[in-house]
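Asks: What follows is the residue order along each chain.
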Amino acid sequence: MSHKVCLIRGDGTGPEIVAAVEGVLRSAKVNIDWIEVEAGLKCVEAGKPIVPDETIEKIREIGVGLKGPMTTPIGKGSVSPNVTLRKKLDLFACVRPVFSLPGVETPFKNLDLVIFRENTEDLYAQIEYMATPTAAHSVKVITESGSERIIRAAFDYAKKNSRKNVVGIHKANIMKIADGLFLRTFKRIAKEYPAIENWDNIVDNQCMQLVTKWQAYDVLVTLNLYGDIISDLAAGMMGGLGVAPGANYGTDCAVFEAVHGSAPKYAGMNKVNPTALLLSATLMLDHLGEHDAKSNIEGALKATLQKGIKTYDLGGSATTSGFAEAVASELKG
Amino acid sequence: MMTLHGVDIFLNLSELPKLPDKLGPFDLIFIASRGTRVYPVAANTHAGIDWPQCRYFSDETVTDVEIEQLVTQITELGLQWTKCQKLFKLDGENAFSQPY
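Note that the protein sequences, when read in sequence, are chains A and B.
Mapping to the numbering used here: the first sequence position 260 is 261, numbers consecutive.
Mapping to the numbering used here: the second sequence position 16 is 8, numbers consecutive.
Hints were generated in silico from the structure; no laboratory data involved.
Note that this is a predicted model, so its numbers are computed, not measured.
Even glycine gets a Cβ: it sits at the ideal position worked out from N, Cα and C.
Check each hint, because a few of them may be wrong.
Derived DSS-like pairs: lysine-lysine, alpha-carbon spacing no greater than 30 Å straight-line [stated by the list, open to error]:
| id | chain 1 | residue 1 | chain 2 | residue 2 |
| --- | --- | --- | --- | --- |
| 1 | A | Lys141 | B | Lys14 |
| 2 | A | Lys141 | B | Lys10 |
| 3 | A | Lys266 | A | Lys303 |
| 4 | B | Lys75 | A | Lys188 |
| 5 | A | Lys177 | B | Lys75 |
| 6 | A | Lys308 | A | Lys30 |
| 7 | A | Lys141 | B | Lys81 |
| 8 | A | Lys43 | A | Lys5 |
| 9 | A | Lys188 | A | Lys161 |
| 10 | B | Lys75 | A | Lys49 |
| 11 | A | Lys110 | A | Lys303 |
Covered by chain B, per the in silico footprint, the following chain A stretches (three or more residues, Cβ under 8 Å) [as the list claims (entries may be wrong)]:
| id | segment |
| --- | --- |
| 12 | 3 to 16 |
| 13 | 80 to 92 |
One chain only, chain A, in its complex shape (with noise of 0.2 Å):
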């Protein structure tokens, strides 16, 4: 069966990663549609917005796409690109899967646990003023609607996925109004899910947890800025960004990307690890249904970090191409 799948090569790196995805999925004989459209630094020198209408409605029309990274240009009056898409597609839930990979060093064994961070509101709305000419001030935006299904999206997972327990996380004791309205959706919607144990915790202290009891958590659950920095956290425990992968899924449409950067200054020189991205695919195969490719693709990228062929952020050295195809030699069938 084929799939349609919108695909944004992404700036700096991203078009060499993307190919080497590309290459990883060929070889496992996914059939994929990939319908290119622009987003990103080439629509802006062509003066266009960063992210165009047409982009949009493209994906929003075929219901998945794929992103290679891309650049937030440095100025007045720019957006993140990666901020436009979550917030025009309404892609609520960003999920990072954070596990521990064979061959990638780290003090974190046996890590295994999924972040749920909302994608559309908090500070995130970014609804600011400079109240005098002397002070800022930022709105925070927390709803009960938005809370609700970040919230019941973490809980349906770990039903699905025969997930032990989903901790909310929050800084209630302090924000007692907005994280405290989260905190009480979290609870009230926890009812519902007996069979899975839960509990929340203090996004400061959630942290600390994190680097000494990571084997305790299976599902966390957060607003959008502590999502923003645990995720990261977590992407360090894990091995560092080049291997985090991110999903960003809406009602009706999903986009999945490398949660790293476009990287300008390795642009060009094959050096780049595609992990990110690719791991980013495989979940992008299993929302399509694609559960054989999937764990085809994840074990052979086992197998290649097991042999010890990683590129340089890794301490390998191992080109972008190169690692890609070590990868697609690895695949089965």
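With chain A held as given, fit chain B onto it using these hints.
Replies: Just chain B now, with coordinates in the frame of chain A:
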């Protein structure tokens, strides 16, 4: 120098409010929800509307009294505002964010 140009009016509403495009010296620039535009062109048609942010703005400098009259007119439309934030320019530059 700080100059006054408009106001963001946040409404106690979970739907798109019907508002005049022009009130006094102000134009209705957009309505947004959670920082994402829902009017005049919705950037996103899927998320529900919660606590809509309605921006009335004038390129010319306005007075506090004109802002107060505008807010009174919104109330007279039967809408309940829960927060109003004045919009200033600092040395000619907008001192407020734009929605997606």
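Asks: Is it true that the CA of lysine 266 (chain A) sits at most 30 Å from the CA of lysine 303 (chain A)?
Replies: holds (28 Å)
Asks: So if I understand the rule, the pair passes when the alpha-carbon distance is 30 Å or less; does lysine 177 (chain A) with lysine 75 (chain B) pass?
Replies: Between lysine 177 (chain A) and lysine 75 (chain B) the Cα gap is close to 19 Å, so the pair holds against 30 Å.
Asks: Taken at face value, is the distance from the CA of lysine 30 (chain A) to the CA of lysine 308 (chain A) at most 30 Å?
Replies: Distance of about 23 Å is within 30 Å: holds.
Asks: Need the status of pair lysine 75 (chain B), lysine 188 (chain A): alpha-carbon distance at most 30 Å?
Replies: holds (28 Å)
Asks: Hey, lysine 141 (chain A) versus lysine 81 (chain B), does the alpha-carbon distance stay inside 30 Å?
Replies: holds (22 Å)
Asks: Mind checking the alpha carbons of lysine 141 (chain A) and lysine 10 (chain B) for me, to see if they're no more than 30 Å apart?
Replies: holds (25 Å)
Asks: Lysine 110 (chain A) and lysine 303 (chain A) were given as a pair; does the straight-line alpha-carbon distance stay at or below 30 Å?
Replies: Status holds; Cα separation ~15 Å.
Asks: Take the C-alpha atoms of lysine 141 (chain A) and lysine 14 (chain B), compute the straight-line distance between them, and say whether it is at most 30 Å.
Replies: Holds, at about 29 Å.
Asks: Holds or violated: lysine 188 (chain A) and lysine 161 (chain A), Cα atoms, limit 30 Å.
Replies: OK: lysine 188 (chain A) and lysine 161 (chain A) at ~20 Å, within 30 Å.
Asks: Cut-off 8 Å, C-beta pairs, minimum 3 residues; does the coverage of the segment 80 to 92 of chain A by chain B stand?
Replies: holds (count 7)
Asks: Quick one: see if chain B covers the segment 3 to 16 of chain A, three-plus residues with Cβ-Cβ under 8 Å.
Replies: violated (count 0)
Asks: Hinted pair, alpha-carbon criterion (30 Å max): lysine 43 (chain A), lysine 5 (chain A). Please report holds or violated.
Replies: OK: lysine 43 (chain A) and lysine 5 (chain A) at ~24 Å, within 30 Å.
Checked against the numbered hints listed earlier, the structure breaks hints 10 and 12; every other hint is satisfied.
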